[in-house]
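Note that the protein sequences, when read in sequence, are chains D and G.
The first sequence begins at 552 in the numbering used here and counts up one residue at a time.
The second sequence begins at 2 in the numbering used here and counts up one residue at a time.
Derived from the structure by calculation, the hints contain no laboratory data.
Treat the hints loosely; a few may be bogus.
[Unchecked claim] Below, a list of computed lysine-lysine pairs in the DSS-like style, where the Cα atoms sit at most 30 Å apart: (1) LYS320(G) / LYS257(G); (2) LYS320(G) / LYS277(G); (3) LYS667(D) / LYS84(G); (4) LYS134(G) / LYS320(G); (5) LYS652(D) / LYS257(G); (6) LYS97(G) / LYS277(G); (7) LYS652(D) / LYS261(G); (8) LYS65(G) / LYS29(G); (9) LYS652(D) / LYS320(G); (10) LYS652(D) / LYS306(G); (11) LYS97(G) / LYS306(G); (12) LYS412(G) / LYS257(G); (13) LYS770(D) / LYS234(G); (14) LYS652(D) / LYS397(G); (15) LYS412(G) / LYS134(G); (16) LYS97(G) / LYS84(G); (17) LYS320(G) / LYS234(G); (18) LYS261(G) / LYS134(G); (19) LYS277(G) / LYS257(G); (20) LYS397(G) / LYS320(G); (21) LYS652(D) / LYS84(G); (22) LYS652(D) / LYS770(D); (23) LYS84(G) / LYS261(G); (24) LYS412(G) / LYS277(G); (25) LYS311(G) / LYS234(G); (26) LYS134(G) / LYS652(D); (27) LYS770(D) / LYS412(G).
As the structure is a prediction and not an experimental result, all values here were calculated from the model.
The chain contents come next:
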Amino acid sequence: MLRLLCLLLCFAPACFAENREAMQGDFSHEECIACHQATEPQLVADWQQSAHASVEPLALCTSCHGRDHQGAAARSRGNDSCIDCHGGATSPVVHSYTTSKHGIIMQLEQAGYDWKLPLRQANYRAPGCAYCHMHDGNHLTAKAEPLKPAEADMDRITGSCLSCHSTRYINRLNDNAVDMIEIARMKVREARQLVDAYGDAQNTAAAAQLASLITQTEKHLRNVYLGAFHQSPDYQWWHGQPALDGDLLRIKGVIDNMQSGKSDVEK
Amino acid sequence: MRLAYIWITLLILGILIPAGFWYVDWSKSGDGAGLYSRDWLPEAVFAYWNPDDFYQSVETVVGKFEGEECVACHRDMSPGIVKDWQASRHAQAEPKVYCSACHGSDHQNLRLPTPDICATCHTTQHDQFMAEKRYGFPSHALAMERALDARHFVDKPKAEVTACLQCHSVATKCDSCHSRHKFSAAEARRPEACITCHSGPPHPDDETYFNSAHGQLYLQQGQDWDWSRPLQKGNYPAPTCAYCHMTAGQHQVADKSIWKFGIQQINPLSSGNVVKRQQWIELCSDCHEAEWSAQQLSALDRERKLAWSKLDEAEVLLKGLRADDLLSPTIHQRPPYPGDDAHTMLQRERIGFFEGQASAFYNVSPIERDYFDMWYFSNLGAYKGAAHGDASFVSKGHQAMDQQLEDIRQKVTDIRAAGKTRADKTDPENIWLQGEYTEYNREHN
């Protein structure tokens with residue numbers, strides 16, 4: 552604590568300097584916090600509440616901004632700050648975005664964007680990860696609760712759509728997404744009910760097959776969710792709904808085999 | 002006597018032909034769209050992908066606005082689209098092409114621009130685009146009707162099949178490729194412009210192209226190429242999607258299509274296809290010797306022949322099970338084929354392309370679904386790999402097909418060994434017809 556206080560005192564003049572971009576030098580995460588706690592307490596508090604500050608591995612200031620104060624804000628705004636920790640280019644959460652129109656335009660144009668501009672008011676032709684999830688630099692990242700974004704978070708994210716899209720369009724897309732995900736959930740519930748009703752722990756081979764199919768349904772449900780909110784038709788559909796259909800009917804197939812096995816024995 | 006034959010025939014035709022036209026008109030006049038429009042209701046969001054059928058203007062703003070008036074208000078309301086427009090050629094032209102030129106000026110009666118609105122100025126591109134229809138499916142210009150008339154689209158809950166229209170709207174809006182409101186030709190020339198739709202298991206065009214020698218060159222150097230130049234010989238060091246499939250910027254993708262997406266077996270040496278082969282060879286001659294290009298096409302034919310020999314074997318095995326009534330669930334124990342109902346006459350399990358199996362995702366038995374995965378995912382992946390020059394996808398696809406075929410053979414043996422006990426068994430609680438989604442689907446389309 553004493554160390555932090557000392558640090559704060561050391562940097563205090565610089566913290567309050569008018570042109571903060573002009574600050575020079577490399578800083579550690581603790582040093583960033585010490586200074587910004589004084590200059591932007593809300594920002595630090597937001598970060599502390601976010602998943603970035605609580606879920607390992609933590610995303611510290613330096614994880615996204617780097618250590619060099621010069622250009623630290625601009626450096627963090629691009630998708631490169633996010634992708635490595637969020638599973639890399641082929642993870643569904645990233646891939647569903649990069650194949651969307653937003654992701655495509657970003658990929659083609661990002662080299663020409665002025666990354667010094669704040670993440671608001673359509674300062675960027677296509678939204679990157681942070682434009683929606685940390686709109687206007689809000690460090691309380693809009694959390695994606697597993698498959699169920701909180702309403703307040705959804706409002707924040709959809710708010711970021713409105714610089715380019717009409718409210719009616721966004722509302723309709725949202726309503727549609729909610730219904731689409733609910734349909735996917737119906738398939739998962741149907742699958743679970745079948746396994747609960749007919750699963751047989753004694754039959755280890757069948758139980759293993761059913762368990763692996765249930766895992767598949769969860770993966771495919773998540774794909775529908777990612778596809779709907781990242782606007783990827785491919786994740787909504789091929790990685791999502793028909794894949795769930797396949798899981799469901801294969802679960803029924805395993806149960807059908809178990810049942811007919813039983814009736815053979817009975818004979 | 003002979004005269005009577007003629008009269009009667011003419012009379013019957015005179016009734017049947019108008020009745021046929023009337024029936025098609027009637028079936029298209031429902032609240033949905035397409036041939037089965039009476040069987041489904043649209044989601045509100047469909048308005049944006051099929052504006053002709055479903056778009057209705059907002060009515061909250063009253064008045065007529067034109068030119069700078071729209072811009073003045075929307076600069077605050079929706080700055081993104083104004084910035085886009087300002088960066089577009091529409092805003093550089095003299096006179097400028099303002100919002101109202103495409104959307105109309107009456108704010109209570111705005112249009113969502115469809116290709117025919119763009120055709121007001123872009124006549125050549127629109128004519129080329131529409132002329133694509135003569136090549137049949139698959140095609141951009143016919144994509145919307147393909148989706149609307151697909152049995153599974155009609156059958157499934159509409160919120161589930163939204164993704165279909167997102168991609169198939171390539172027929173109904175030019176901004177699928179020239180994203181709004183910049184409408185950049187340069188953007189549409191880049192391979193990335195295609196991959197929002199041309200990706201995923203049945204059409205991994207993105208992966209197979211980027212893995213190919215052409216794609217590798219693009220990935221390394223593409224950032225520095227001058228994308229304002231037309232897609233012609235000498236302008237690009239490597240071909241992109243549009244360079245080959247939309248030669249010289251011709252707004253058609255179906256004109257040289259031989260294998261038709263790989264979903265069906267065709268004769269690659271039919272007289273029509275021989276002409277198309279010549280067109281491909283000529284296109285490749287921008288960089289390659291004719292002989293070399295011809296060999297590539299033959300290699301693709303051989304790959305396809307091998308793929309279809311595997312698919313045919315699987316299809317024959319499944320049809321054998323069907324003939325012996327060994328598929329479980331039977332046609333009467335499973336949800337009806339999309340568009341059919343329990344009373345449809347002569348129902349039977351649909352197997353393969355010509356019977357329309359591609360519309361059945363869960364109205365099938367597991368072994369039929371195994372065949373679908375083999376046909377639609379492994380086979381099509383191998384096809385795209387072979388056509389785009391990505392050997393890794395060819396071998397991956399064929400290995401998967403071999404595995405799936407072996408699996409199907411084994412299951413067929415098991416089913417035959419078990420005999421008819423299963424199919425004959427009357428299931429008191431038919432799991433195939435029950436369940437939350439299964440029942441919801443039956444009631445909602």
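The hints, checked one at a time:
1. LYS320(G) / LYS257(G): violated, 33 Å
2. LYS320(G) / LYS277(G): violated, 34 Å
3. LYS667(D) / LYS84(G): Judged against 30 Å, a Cα distance of about 17 Å means the pair holds.
4. LYS134(G) / LYS320(G): The hint is violated at about 34 Å.
5. LYS652(D) / LYS257(G): holds, 27 Å
6. LYS97(G) / LYS277(G): Violated, because 41 Å separates the two Cα atoms, which is more than 30 Å.
7. LYS652(D) / LYS261(G): The hint holds at about 26 Å.
8. LYS65(G) / LYS29(G): With Cα atoms ~34 Å apart, LYS65(G) and LYS29(G) exceed 30 Å; violated.
9. LYS652(D) / LYS320(G): Violated: LYS652(D) and LYS320(G) sit about 42 Å apart, past 30 Å.
10. LYS652(D) / LYS306(G): Outside the cut-off at roughly 36 Å; violated.
11. LYS97(G) / LYS306(G): violated, 54 Å
12. LYS412(G) / LYS257(G): Status violated; Cα separation ~40 Å.
13. LYS770(D) / LYS234(G): violated, 45 Å
14. LYS652(D) / LYS397(G): holds, 28 Å
15. LYS412(G) / LYS134(G): violated, 42 Å
16. LYS97(G) / LYS84(G): With Cα atoms ~15 Å apart, LYS97(G) and LYS84(G) stay inside 30 Å; holds.
17. LYS320(G) / LYS234(G): Roughly 49 Å between the alpha carbons, so the hint for LYS320(G) and LYS234(G) is violated.
18. LYS261(G) / LYS134(G): Holds, at roughly 14 Å.
19. LYS277(G) / LYS257(G): Satisfied, since the Cα-Cα distance of roughly 5 Å is no more than 30 Å.
20. LYS397(G) / LYS320(G): holds, 27 Å
21. LYS652(D) / LYS84(G): holds, 17 Å
22. LYS652(D) / LYS770(D): holds, 23 Å
23. LYS84(G) / LYS261(G): Violated: LYS84(G) and LYS261(G) sit about 40 Å apart, past 30 Å.
24. LYS412(G) / LYS277(G): With a Cα-Cα distance of about 41 Å, the restraint between LYS412(G) and LYS277(G) is violated, given a limit of 30 Å.
25. LYS311(G) / LYS234(G): violated, 39 Å
26. LYS134(G) / LYS652(D): Answer holds: LYS134(G) to LYS652(D) is near 26 Å, not above 30 Å.
27. LYS770(D) / LYS412(G): Roughly 26 Å separates the two Cα atoms, so the pair holds.
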